[in-house]
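**Q** Chain residues, written in single-letter form:
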Amino acid sequence: MRPHDYLKEFLEDIVLVELKNGKLLRGRMVSYDGHLNLILDDCSEISEDKEVRLGKVFIRGDSITMISPATPD
Amino acid sequence: MRPHDYLKEFLEDIVLVELKNGKLLRGRMVSYDGHLNLILDDCSEISEDKEVRLGKVFIRGDSITMISPATPD
Amino acid sequence: MRPHDYLKEFLEDIVLVELKNGKLLRGRMVSYDGHLNLILDDCSEISEDKEVRLGKVFIRGDSITMISPATPD
Amino acid sequence: MRPHDYLKEFLEDIVLVELKNGKLLRGRMVSYDGHLNLILDDCSEISEDKEVRLGKVFIRGDSITMISPATPD
Amino acid sequence: MRPHDYLKEFLEDIVLVELKNGKLLRGRMVSYDGHLNLILDDCSEISEDKEVRLGKVFIRGDSITMISPATPD
Amino acid sequence: MRPHDYLKEFLEDIVLVELKNGKLLRGRMVSYDGHLNLILDDCSEISEDKEVRLGKVFIRGDSITMISPATPD
Amino acid sequence: MRPHDYLKEFLEDIVLVELKNGKLLRGRMVSYDGHLNLILDDCSEISEDKEVRLGKVFIRGDSITMISPATPD
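Protein chains in written order, with this note's numbering: chain A, 1234 to 1306; chain D, 1234 to 1306; chain P, 1234 to 1306; chain V, 1234 to 1306; chain Y, 1234 to 1306; chain L, 1234 to 1306; chain F, 1234 to 1306.
None of these hints come from the bench; they were simulated from the model. All of these numbers come straight from a predicted model, not from anything done at the bench. Note that the Cβ used here is the ideal one computed from N, Cα and C, for glycine as well. Hints should not be assumed to be uniformly reliable.
Unchecked claim - Beta-carbon label-pair distances, calculated as ranges: (1) VAL1263(P) <-> GLY1294(D): 18 to 26 Å; (2) ASP1266(Y) <-> PRO1305(P): 36 to 44 Å; (3) LYS1256(P) <-> HIS1268(F): 24 to 32 Å; (4) ASP1275(Y) <-> ARG1235(F): 37 to 45 Å.
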């Protein structure tokens, strides 16, 4: 199974997305493509002391460092 | 539905565009392409304490980190 | 109409070009191509407190963040 | 044997992955592709003084500087 | 006329070349190609307080932000 | 002889690899490819005051600035 | 004559190579290719106050800003 195949398992789950600029986003992953472009639904930008609601967000794939489930099991 | 298909839903809506250099733009999205190049109409650059009117703006796709609706519903 | 089609509307107009390094240029846009390479005529680099005349300038497209009219209507 | 062939030896092993932004991740490498995209299982981000559990993580290949075994033999 | 066609007008002229790292070079442009690689003859690196002679210089195109005539007419 | 042909001479030798992020690695070069991806065996990260053993390391080619023999002859 | 044709004139000459990270190397250029990958022989890294001998060095082309003769004539 290739790395991109694992993204399918993340679909509809709440994920954390870390961006190259250090920002952290949390939202429900509803779509992705081969460039790692993502749509996160109910997305928030989260930091130490606050959380900013963004709603539905398109994230450009080349801005992303890593994607992980919001609740490591 | 692929991420780029969701951009169609954003057309004619007021969106927030975050750039890789950290700047934040707000405007009505009137056009996009596969490289994520955008045209925002009535665009302003917004920051903590001010808002600078730019009018119609061409944004180079590779400068963009994410795009979200200005009013998360 | 695709984003690049809007650039045609900017031709012969005075535009502001913001570069990835944060610099701001103002000049008359006389030519562009699909890589967003530009020729600005009567171009100046503008900052808070001064304006440096550069004359005719070739700008490499991948240095550009955004292009907007100098006078938002 | 080409460099990518050596990655096969790392499969199912605990590896350290250093990112271009300086972060260090440790986890079990369960998948990789030709772009160096990785899936690390039981992944943690480790730093001088703490370790943050992330669970299963997709790492974008172009964020990576190097990959090495967690226990140099 | 495309942007690259204007470079032909700069040939044999003294030009200023601004690099992405902020450095400024001045020299006679004797050759260029489609990647914007340049040869500057009698080239100097110029800064506020000094000028360092470099002679004939090959400049890698992807290091360049912009090219303009040394004497805006 | 092209630059990549010289890499063959470095095979099985102890080399220094300087990364774009400024780090310096030393190890025995056992494999390379056309993207400059490398496998260094018995690799250590070396700095002014210490040396950290990493073992066998995969280095992503686009992270590399230069490769030189550990013992300039 | 295209910029890359001028590199042939630099062959076997002592050149200065400036890297994107600001470092300066000096050595005899014995090989280059279309990506601007270089082999410098008897190469040293030079700075204000010291010179570090590196021997034969492979320099990755995309790390390079410019190449010039060590002795501007």
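**Q** A separate judgement is required for each hint: does it hold in the structure or not?
**A** Evaluated hints:
1. VAL1263(P) <-> GLY1294(D): 18 to 26 Å: 23 Å, holds
2. ASP1266(Y) <-> PRO1305(P): 36 to 44 Å: 38 Å, holds
3. LYS1256(P) <-> HIS1268(F): 24 to 32 Å: 29 Å, holds
4. ASP1275(Y) <-> ARG1235(F): 37 to 45 Å: For ARG1235(F) against ASP1275(Y), whose Cβ atoms are near 20 Å apart, the range 37 to 45 Å is violated.
The structure shown violates just one earlier hint, number 4.
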